[in-house]
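Chemist: Sequence:
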Amino acid sequence: MPTKRETRAVAELCQSLTETETRYPGTELILRFGIKERLGVDPN
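In terms of the working numbering, the sequence shown opens at residue 64 and continues consecutively.
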C-alpha cells in the first residue's frame, strides 16, 4: 500500500504532465493524468 507521501508525489507528477497539454496523437484530445482515490480513505 503506497504511503501518503508517495501518493502526493505521484499526484504532483500527474499535475505537471497534465499542464503540458499533450495531445493524443492524430487528434485534438488533450491528455489529462490523475490518480484514482480509494473510497473510504482520507487522501490527506
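Careful, some of the hints might be misleading.
Simulated pairs of lysine to any residue, SDA-like, Cα-Cα distance not exceeding 25 Å [claimed, not checked]:
#  : residue 1 : residue 2
1  : Lys67     : Cys77
2  : Lys99     : Tyr87
3  : Lys67     : Ser79
4  : Lys67     : Gly89
5  : Lys67     : Glu91
6  : Lys67     : Arg95
7  : Lys99     : Gln78
8  : Lys99     : Val73
9  : Lys99     : Thr70
10 : Lys99     : Thr81
11 : Lys99     : Thr83
12 : Lys99     : Leu76
13 : Lys67     : Ile98
14 : Lys99     : Arg86
15 : Lys67     : Leu80
16 : Lys67     : Glu82
17 : Lys99     : Leu80
18 : Lys67     : Pro88
19 : Lys67     : Arg86
20 : Lys99     : Thr85
21 : Lys99     : Arg71
22 : Lys99     : Glu84
23 : Lys67     : Gly97
24 : Lys67     : Tyr87
25 : Lys67     : Phe96
26 : Lys67     : Thr90
27 : Lys67     : Gln78
Worth flagging that the hints you see were computed from the coordinates, not collected in a lab.
Treat the numbers as computed from the prediction; the structure is a model and nothing was measured.
Chemist: Each hint: holds or not?
Modeler: Hint check:
1. Between Lys67 and Cys77 the CA atoms are separated by roughly 15 Å; this keeps the pair inside 25 Å, and the hint holds.
2. Pair hint Lys99 plus Tyr87 holds up; C-alpha atoms about 21 Å apart against a cutoff of 25 Å.
3. For the hint pairing Lys67 with Ser79, the CA-to-CA distance comes to about 18 Å; that is within 25 Å, so the pair holds.
4. For the hint pairing Lys67 with Gly89, the CA-to-CA distance comes to about 37 Å; that exceeds 25 Å, so the pair is violated.
5. A C-alpha spacing of about 34 Å is found between Lys67 and Glu91, which places the hinted pair above 25 Å, so the restraint is violated.
6. Between Lys67 and Arg95 the CA atoms are separated by roughly 22 Å; this keeps the pair inside 25 Å, and the hint holds.
7. Taking the CA atoms of Lys99 and Gln78, the gap is near 13 Å; set against the 25 Å cutoff, the hint holds.
8. The hinted pair formed by Lys99 and Val73 meets the criterion: a straight-line CA distance of about 11 Å does not exceed 25 Å.
9. Annotation: proposed proximity of Lys99 to Thr70 holds, straight-line Cα distance about 10 Å (limit 25 Å).
10. With a CA separation close to 15 Å, the supplied pair Lys99 and Thr81 stays within the 25 Å bound.
11. Of the pairs offered as hints, the one joining Lys99 and Thr83 holds, with about 20 Å between alpha carbons and a cut-off of 25 Å not exceeded.
12. Between Lys99 and Leu76 the alpha-carbon distance is near 14 Å, which keeps this suggested pair within the 25 Å criterion.
13. In summary, the hint linking Lys67 to Ile98 is supported, as the alpha carbons are separated by about 13 Å, within the 25 Å threshold.
14. At roughly 21 Å between alpha-carbon atoms, Lys99 and Arg86 fall within 25 Å of each other, so this suggested pair holds.
15. For a cut-off of 25 Å, the pair hint linking Lys67 to Leu80 stands: about 20 Å separates their Cα positions.
16. Straight-line distance between C-alpha atoms of Lys67 and Glu82 comes to about 23 Å, which keeps the hinted pair within the 25 Å bound.
17. With a C-alpha separation of about 16 Å, the suggested pairing of Lys99 with Leu80 holds against the 25 Å cut-off.
18. For a cut-off of 25 Å, the pair hint linking Lys67 to Pro88 is broken: about 33 Å separates their Cα positions.
19. With a C-alpha separation of about 30 Å, the suggested pairing of Lys67 with Arg86 is violated against the 25 Å cut-off.
20. As the CA atoms of Lys99 and Thr85 are separated by approximately 20 Å, the hinted pair is consistent with the 25 Å bound.
21. Restraint check for Lys99 and Arg71: the C-alpha separation of about 12 Å stays at or below 25 Å, so the hint holds.
22. About 20 Å separates the Cα atoms of Lys99 and Glu84, which keeps this hinted pair within 25 Å; it holds.
23. The straight-line distance between the Cα atoms of Lys67 and Gly97 is roughly 15 Å, inside the 25 Å bound, and the hint therefore holds.
24. Between Lys67 and Tyr87 the CA atoms are separated by roughly 30 Å; this puts the pair beyond 25 Å, and the hint is violated.
25. Only pairs whose Cα atoms come within 25 Å are accepted, and Lys67 paired with Phe96 is accepted, the gap being roughly 18 Å.
26. Under the criterion of a C-alpha separation no larger than 25 Å, the hint pairing Lys67 with Thr90 is inconsistent with the structure, at around 35 Å.
27. Our distance criterion of 25 Å between C-alpha atoms is met by Lys67 and Gln78, whose separation comes to about 16 Å.
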